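All chains should be modelled from the sequences, with the hints used to inform the complete structure.
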Amino acid sequence: MMTATVQSRGQALAIQNLSLEFPTFSGAIKALDNVSINVAKAEIVGIVGESGCGKSVTTMAATGLLPKGRYRITGGSVRLFGHSTLTMDESQLQDVRGKMVSTIFQEPMNALNPTIRIGKQLTDVIMRHEEASLSDARRIARDILADMLIGEPERVMKQYPFELSGGMRQRVLIAMAFSCNPGLIIADEPTTALDVTVQAVILRLIQNRARRTGTSVIFISHNVAVVSQLCDRLYVMYAGRIVEHGATRTVLDAPQHPYTQALLRCLPERVAPKQELEAITGAVPNLMQPPAGCYFQPRCKEAIDLCRSRSPQLAGAEGREVACWRRGVGLEIAEQGSRP
Amino acid sequence: MTEGVDMIARPVLEVSDLNVRFPASRDWLGRPNSHVHAVNGVSLQVRRGGSLGIVGESGCGKSTLAQAIIGLAPYEKGRVAIAGQDLQAAQGKQKRELRQKMQIVFQDPQSSLDRRLPVWRLISEPLHIRGGHSSAELHAKAEQLAAAVGLRPEHLDRLPHEFSGGQRQRIAIARAMSTDPDLMVLDEPTSALDVSVQAQIVNLLLKLQRERGLTYLLISHDVALVRHFCDDVAVMYLGQIVESGPADAVLGNPRHPYTQTLLASAPSFETPLPTLAEVRIGELPNNRKLPTGCFYRERCSKAAGGCEAPQGLRRLDDGARQARCHLAQG
Chain A
248 MMTATVQSRG QALAIQNLSL EFPTFSGAIK ALDNVSINVA KAEIVGIVGE
298 SGCGKSVTTM AATGLLPKGR YRITGGSVRL FGHSTLTMDE SQLQDVRGKM
348 VSTIFQEPMN ALNPTIRIGK QLTDVIMRHE EASLSDARRI ARDILADMLI
398 GEPERVMKQY PFELSGGMRQ RVLIAMAFSC NPGLIIADEP TTALDVTVQA
448 VILRLIQNRA RRTGTSVIFI SHNVAVVSQL CDRLYVMYAG RIVEHGATRT
498 VLDAPQHPYT QALLRCLPER VAPKQELEAI TGAVPNLMQP PAGCYFQPRC
548 KEAIDLCRSR SPQLAGAEGR EVACWRRGVG LEIAEQGSRP
Chain B
4 MTEGVDMIAR PVLEVSDLNV RFPASRDWLG RPNSHVHAVN GVSLQVRRGG
54 SLGIVGESGC GKSTLAQAII GLAPYEKGRV AIAGQDLQAA QGKQKRELRQ
104 KMQIVFQDPQ SSLDRRLPVW RLISEPLHIR GGHSSAELHA KAEQLAAAVG
154 LRPEHLDRLP HEFSGGQRQR IAIARAMSTD PDLMVLDEPT SALDVSVQAQ
204 IVNLLLKLQR ERGLTYLLIS HDVALVRHFC DDVAVMYLGQ IVESGPADAV
254 LGNPRHPYTQ TLLASAPSFE TPLPTLAEVR IGELPNNRKL PTGCFYRERC
304 SKAAGGCEAP QGLRRLDDGA RQARCHLAQG
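Residue numbers (this note's numbering), protein chains in the order written: chain A, 248 to 587; chain B, 4 to 333.
You can take every hint at face value.
A short, non-exhaustive set of chain B residues, derived as facing chain A with CB atoms under 7 Å:
1. E60
2. N206
3. S268
4. S271
Derived Cβ-Cβ restraints for the label pairs, each shown as a range:
5. T321(A) - G216(B): 50 to 60 Å
6. E311(B) - G398(A): 16 to 26 Å
7. A562(A) - F25(B): 58 to 68 Å
8. L279(B) - N360(A): 22 to 32 Å
9. S167(B) - T321(A): 20 to 30 Å
10. A307(B) - A287(A): 45 to 55 Å
11. R133(B) - R557(A): 53 to 63 Å
12. P156(B) - E565(A): 46 to 56 Å
13. L279(B) - S273(A): 48 to 58 Å
Calculated from the structure, these hints are not laboratory results.
What you are looking at is a predicted structure, and each value in this text was computed from that prediction instead of being measured.
Beta carbons: idealized from backbone N, C-alpha and C, even for Gly.
Dropping the structure here:
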């Protein structure tokens, strides 16, 4: 009954106005505020932002990976290939994860079971979702490991995770993520713990396989340069809100939001040696008591009165939006608002 | 750092043919019978007021090199001289004085600061160890240093857990400056920080260098940071320097095949992702049993006849640059 909607949309993941908070004894932490992210089929989408901005929480909420009872969804919806994941129970989610969506985490050692051989960990996943026999599952596992440029896949399948290097482990995890041909892969900082040469290989492997099989990818990273090399489109997050999104080249060549501009200016790549980098003054807001208006306003050089009183909404053309009163559509309203 | 770059002033730090190895296993009498060869014959120099960056992948021995230089890791062969004085040969009071001339800032300020000491004690701890200062003097000195790194006076009586990662790194930098060291070793000082905070710390370190003429040895895996921060750069692979020279020259026009691969794989805004053939999959060879000949031969796309012979650093161009490859054109 749900397949019809899948075909009609061409949309892998549609997160609409998702708001989420973590209740604590000293008050609720508003981790996400009105986050909307769309991923089309066969598209590679990046989410960038600094630690604590809600990049991982967004995708973990969408795939039901957050600990039950520790968070509260305060609004919005998530549709994964037309299915609403927010209303699913655990057994439904288990069918979805692996088959429709699968996640590659940052630390491969934590994502693999240290006491079980690689081969069994791979074939378990394949048998669970593909209803394959053990011999078929082993064949699929072997092929996909070879596809990840692992020489001697038979030998690696007999090994335990600790016997492999970090780069190998991450390639095993990518193999596992792709093994059941999910429509969407979520790669959550998959290369942050790795060296650059290994990182380049891992990114290439993800990109090649995704392009060949038409898999959508959400790539979460704090490294804008990596996102610029890999992704078609990108979302910039700050303090639990999307501040800007659009085609990767457009956003990076002509950033609009003051936060995106500042983020790019503080990278040493773009400045002459020994020149002062334009650091962003101040610190990220406390999401238990977020500032009024725009969350970036306390650190923003262009802030006006309106920024301090009302939150800007994403506005702009289709596929290229900015949440800032001082830009584009918001400007006229901003001028009216600043008048006494 | 390379010979000939600076003959005017005596270098602050001179390292020659440094070898560090750790016992990996022992026989029944407790004698080591195999070793991890972490640093294999490194020579370098840092001139006063200059900065040298060491880049390389994890496991290449760059942190061990930093630790051997400041005396945290024992070395069995080679020489480390600070301001012309041999560290290993020094004894007693002289050794303590030499140690005060160099300080280190570690990657993780969470674990490198004692969580029970207030900030003013943390900052003045090296002076406290040196002795001869009253508590009031230490507090006054801590206040000056805190101001220099951008901390406010009211921060001085707080504990490290009350600070963000960037502020903790400021405390660590203030502490390292407390003895007016000749050399500051920065071991991945910004790797644990977000980019906006990294920019603050990088700006601070560069400003301190301009104002106080500090000398830096920066250990980093981040090529872009080293290009921005350092005058000179040395690229390490398996415990050896494979290429060295002025940062803009080496990182702008690398000659050693390993440096070329490293730069091709570094994420960049200008270039697309490298192809798999460009990067070549491979890992560092086992450092328990060092390869014969060129250490990089196994992974090198240009490997040819002559690579099976051990490679020494060869001078290129005007002598400011060196590369450990017989194929590098000079």
